[in-house]
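Undergrad: Can you make the complete structure from the sequences, with help from the hints?
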Amino acid sequence: MLFTSYEFLGFLVVLFILYYALPSRAQWPLLLAASYLFYGCADPSYLLYILATTGTTYGAARFIQKNADRQRAYLKAHKQALSREEQQAYKARQKAIRRRWLVGGLLIGLGNLAVVKYTNFVISNLNGILSALGQGEPLSFVTLAMPMGISFYTFQAVGYLVDVYRGTVTAEKNPFRVALFLAFFPQLVQGPISRYGELSQTLYAPHPFSARRVARGLQRMLWGYFKKLVIADRLLPAILVLTGDSAAYSGAYVLVGMFFYTVNLYADFTGGIDITIGIAEAMGITLPENFHRPYFSKSLKEYWRRWHMTMSFWFRDYVFYPVSTSSFMWKLTKFCRSRLGSQVGRRVPVYLSSFLVWLATGVWHGASWNFIVWGLGNFAILMISEELEPLYARFHRRFYVDGALWYKVFQVGRTFLLVSALKLFDCYACVGETFRAFGSIFTAGNWHIFWDGSLLGLGLTLTDYGVLAASTLLVVCVSLAQRAGSVRDAIHSRPYPVRFALWYALFLAVLLMGAYGIGYDASQFIYNRF
Amino acid sequence: MIRMKETKRTRSLITFFLSALIVLLTLWLLQRLLVPKYAADVVEGALVAEYYQEENKDFDVIFVGDCEVYENFSPVTLWEEYGIHSYIRGSAQQYIWQSYYLLEDTLRYHTPQVVIFNVQSMQFSQAQNEAYNRMTLEGMEWSGSKVKSILASMTEEEQFLDYVFPILRYHTRWSELTGDDVRYLFQSRPVSHNGYYMRVDVKPAENVPGGQILADYSFGERAWDYLERMVQLCQAHDIQLILIKAPSLYPYWYPEWEAQIEDFARERDLPYLNFLELTEETGIDYSTDTYDAGLHMNLSGAEKLSDYMGKILREEYGVPDRRGDPQLDRIWADNLAAYEAEQQAQYECYGMTPQQEGG
Chain A
0 MLFTSYEFLG FLVVLFILYY ALPSRAQWPL LLAASYLFYG CADPSYLLYI
50 LATTGTTYGA ARFIQKNADR QRAYLKAHKQ ALSREEQQAY KARQKAIRRR
100 WLVGGLLIGL GNLAVVKYTN FVISNLNGIL SALGQGEPLS FVTLAMPMGI
150 SFYTFQAVGY LVDVYRGTVT AEKNPFRVAL FLAFFPQLVQ GPISRYGELS
200 QTLYAPHPFS ARRVARGLQR MLWGYFKKLV IADRLLPAIL VLTGDSAAYS
250 GAYVLVGMFF YTVNLYADFT GGIDITIGIA EAMGITLPEN FHRPYFSKSL
300 KEYWRRWHMT MSFWFRDYVF YPVSTSSFMW KLTKFCRSRL GSQVGRRVPV
350 YLSSFLVWLA TGVWHGASWN FIVWGLGNFA ILMISEELEP LYARFHRRFY
400 VDGALWYKVF QVGRTFLLVS ALKLFDCYAC VGETFRAFGS IFTAGNWHIF
450 WDGSLLGLGL TLTDYGVLAA STLLVVCVSL AQRAGSVRDA IHSRPYPVRF
500 ALWYALFLAV LLMGAYGIGY DASQFIYNRF
Chain B
0 MIRMKETKRT RSLITFFLSA LIVLLTLWLL QRLLVPKYAA DVVEGALVAE
50 YYQEENKDFD VIFVGDCEVY ENFSPVTLWE EYGIHSYIRG SAQQYIWQSY
100 YLLEDTLRYH TPQVVIFNVQ SMQFSQAQNE AYNRMTLEGM EWSGSKVKSI
150 LASMTEEEQF LDYVFPILRY HTRWSELTGD DVRYLFQSRP VSHNGYYMRV
200 DVKPAENVPG GQILADYSFG ERAWDYLERM VQLCQAHDIQ LILIKAPSLY
250 PYWYPEWEAQ IEDFARERDL PYLNFLELTE ETGIDYSTDT YDAGLHMNLS
300 GAEKLSDYMG KILREEYGVP DRRGDPQLDR IWADNLAAYE AEQQAQYECY
350 GMTPQQEGG
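Heads up: the sequence lines are chains A and B, in that order.
Residues in the first sequence are numbered consecutively from 0, following numbering that gives the first Met the number 0.
Residues in the second sequence are numbered consecutively from 0, following numbering that gives the first Met the number 0.
Among the hints, a few may not be true.
[Claimed, not checked] Label-pair ranges, simulated between beta-carbon atoms:
#1 A/A20 <-> B/L26: 23 to 33 Å
#2 A/G166 <-> B/L17: 50 to 60 Å
#3 A/R292 <-> B/E155: 39 to 49 Å
#4 B/L23 <-> A/C40: 27 to 37 Å
#5 A/G135 <-> B/P254: 53 to 63 Å
#6 A/A20 <-> B/L23: 22 to 32 Å
#7 B/L176 <-> A/L390: 50 to 60 Å
[What the hints assert, rightly or not] Covered by chain A, per the in silico footprint, the following chain B stretches (three or more residues, Cβ under 8 Å):
#8 14-27
#9 160-173
Hints listed in this document are in silico derivations from the structure and should not be mistaken for laboratory results.
Note that the Cβ used here is the ideal one computed from N, Cα and C, for glycine as well.
TA: In structure tokens, the structure reads:
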């Protein structure tokens with residue numbers, strides 16, 4: 000059931016009616032049933048994977064919690080009898096037990112993800128090595144179901160388990176509640192990646208009907224559908240043409256494809272998240288925001304604080320911090336400081352941890368070298384920027400450009416170009432092809448395509464370009480307006496006829512200009528495949 | 000305080016209903032505007048709907064089938080020559096299950112004495128094209144038959160909801176609207192003469208391609224199933240079913256197909272007329288009686304076929320002469336006037352005289 004299918008809309012209507020018609024204590028069990036129905040409709044076998052993750056996560060978290068509770072009770076009961084050293088020794092033993100449960104839970108969850116997502120990637124690379132060495136028969140690829148959204152719910156499970164281990168949340172006693180936390184259908188397939196501590200506050204709470212809240216949720220969904228159907232899906236055919244044959248579409252075409260894809264990915268992903276958050280909001284559930292006008296970022300570092308925020312924060316909290324504060328890193332820092340000086344020694348743990356985070360981010364995005372190079376490309380640019388920071392600061396001071404509007408615009412444009420160029424790795428089949436395509440921008444010299452009508456041969460008509468230009472402009476204007484606060488709140492403060500006209504116009508725009516139905520391939524949200 | 004609350008509630012209710020009314024009205028208008036009108040080109044899409052406009056639906060003879068009925072028989076000739084009150088429920092590439100459900104739909108209004116079904120559509124067991132589905136199904140009034148016909152016809156890419164709310168299907172037409180979409184917003188233009196699509200121009204049949212070798216000449220199970228259901232439906236309503244194969248030279252009618260239909264007709268004791276083998280009796284001349292090199296008859300060919308068919312209907316099946324019924328006389332006088340007017344208009348359009356046509 001794609002979010003853009005009639006079936007899904009029908010499913011939502013029935014769910015909303017039941018959700019508010021049933022007693023409020025039945026709301027979250029209903030959501031669990033609906034979530035499993037939604038996921039099972041995609042492929043019943045997916046349910047096995049999520050059930051396995053849920054079972055192991057619940058079990059491991061409960062063991063960790065019980066151990067922590069037991070430790071607390073034991074220490075309380077034996078406070079007088081045990082010396083400080085004995086208490087420390089006892090704590091260390093218990094922590095080791097909890098760590099074993101944590102590692103076991105993580106291994107099963109992440110192992111599940113690794114096997115289904117990366118087995119064939121590993122086999123393909125092994126075959127490459129074997130072939131290069133001229134040895135042996137190539138290994139056969141394995142047929143494994145790649146459950147939709149497995150990366151998202153695995154990350155939520157890992158986050159939950161680590162939070163329980165850290166003691167920042169208490170392990171849930173009811174396994175069905177854990178099941179809902181992992182399988183909550185709006186966020187199941189493309190995030191945002193929620194934290195148990197935050198989501199549990201509204202996920203299981205009773206939510207009496209509120210017309211205002213439902214209306215706000217529907218408004219958010221409508222905006223998401225606008226971005227997905229009017230912009231992303233309308234652009235998609237041209238992107239498929241442009242990236243499907245890099246030899247035929249080189250040079251200026253690559254530039255066009257690069258910008259198209261940047262707009263497409265934004266509209267697709269943020270549109271999907273708007274729909275997700277809107278559905279949850281209509282049911283009184285608060286999901287974390289995943290974007291904060293990312294294309295207005297003035298640097299790549301800022302961009303990654305504003306794009307796919309829940310993923311970035313997840314990597315920060317569950318990879319970067321644990322790695323950079325690990326005992327190994329302390330030892331390494333000490334070693335580097337003593338051998339290479341304090342400047343280098345200070346940087347080593349940060350850069351090494353960042354390297355691992357970006358490597359993991361790349362790998363998470365897809366089982367291909369393109370994504371790994373993309374991740375490491377981000378790492379390299381971020382590290383170079385970090386090193387050049389003093390130089391930038393001097394430049395800003397010398398030329399008084401800090402705070403100047405034109406310079407901000409320049410920074411935003413520069414970051415947008417950089418981000419767009421990096422996204423090219425998403426578009427092509429291999430790293431070599433991506434570099435060749437990018438290089439051709441500067442060598443092909445086919446700039447005439449911008450005025451000789453070639454762009455009309457990409458599967459987009461003049462009307463399509465008009466619709467895309469107008470709707471993209473609207474999205475930009477809304478983003479700019481968001482600087483002053485919520486646009487929905489601003490609209491809500493207007494008289495009813497104005498509100499009605501604005502939302503109904505948006506609805507008609509989706510209805511009439513959306514790329515859906517016969518003649519358009521119903522396209523999955525890009526992040527569903529992760 | 001209570002009164003204030005009540006006033007507020009009343010105001011909210013009025014606002015809600017007014018908003019809902021505006022939404023429904025604008026959506027309905029938009030839908031009317033965006034659906035194809037089939038008024039100027041591809042008029043075949045308007046044929047099925049025209050039936051419901053008929054003042055007197057008490058037809059004695061109903062034709063069902065594809066272009067081989069609605070372009071090859073003229074009900075006006077049947078009336079003029081034999082006083083037979085008939086209608087063609089034809090549409091472009093009408094599949095046999097669609098013919099069956101159109102017949103079922105027709106029986107909601109009246110029970111004809113004779114149903115004539117053209118067997119060319121037996122070649123299909125699955126719908127081939129969404130556009131053709133639309134041309135047959137959209138024109139049907141909503142009934143159980145329409146629902147079943149849609150469900151039986153939909154290709155993989157189609158959605159039932161798109162038939163319920165055609166705006167979902169035609170939402171992109173806003174960029175290709177023409178004057179006709181506004182002109183025929185609320186009322187359609189008649190395009191047929193009791194379901195007959197008239198063409199007076201001539202294009203002789205020359206070098207008609209033969210049939211390609213097929214892997215399997217058997218008609219599909221689904222086609223047979225619907226033919227059987229059609230036979231049973233006719234039996235249940237005491238209707239004489241006549242199977243025909245119109246004299247269209249292309250698509251090719253294979254001898255293997257002919258043999259299967261002959262066997263079926265013999266087994267079910269049904270009359271079967273293959274007009275491809277009756278050219279001498281009907282007087283069809285492929286150099287003058289077709290407007291597209293043998294695929295379909297022009298007016299001359301259609302009138303010859305109708306004349307021949309009318310004689311059979313009268314003599315062998317006793318279809319009554321309804322001339323003299325004041326209501327039908329009036330209706331058919333109007334039909335005839337429209338028929339002649341279009342005939343004249345087409346002669347002028349093609350720069351022809353009646354003599355240049357086969358007649």
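Undergrad: Taking the hints in turn, state whether each one holds.
TA: How the hints compare with the structure:
no.	hint	verdict
1	A/A20 <-> B/L26: 23 to 33 Å	holds, 27 Å
2	A/G166 <-> B/L17: 50 to 60 Å	holds, 56 Å
3	A/R292 <-> B/E155: 39 to 49 Å	holds, 40 Å
4	B/L23 <-> A/C40: 27 to 37 Å	holds, 31 Å
5	A/G135 <-> B/P254: 53 to 63 Å	holds, 60 Å
6	A/A20 <-> B/L23: 22 to 32 Å	holds, 24 Å
7	B/L176 <-> A/L390: 50 to 60 Å	holds, 59 Å
8	14-27	holds (count 5)
9	160-173	holds (count 8)
No hint from the list above goes unmet by this structure.
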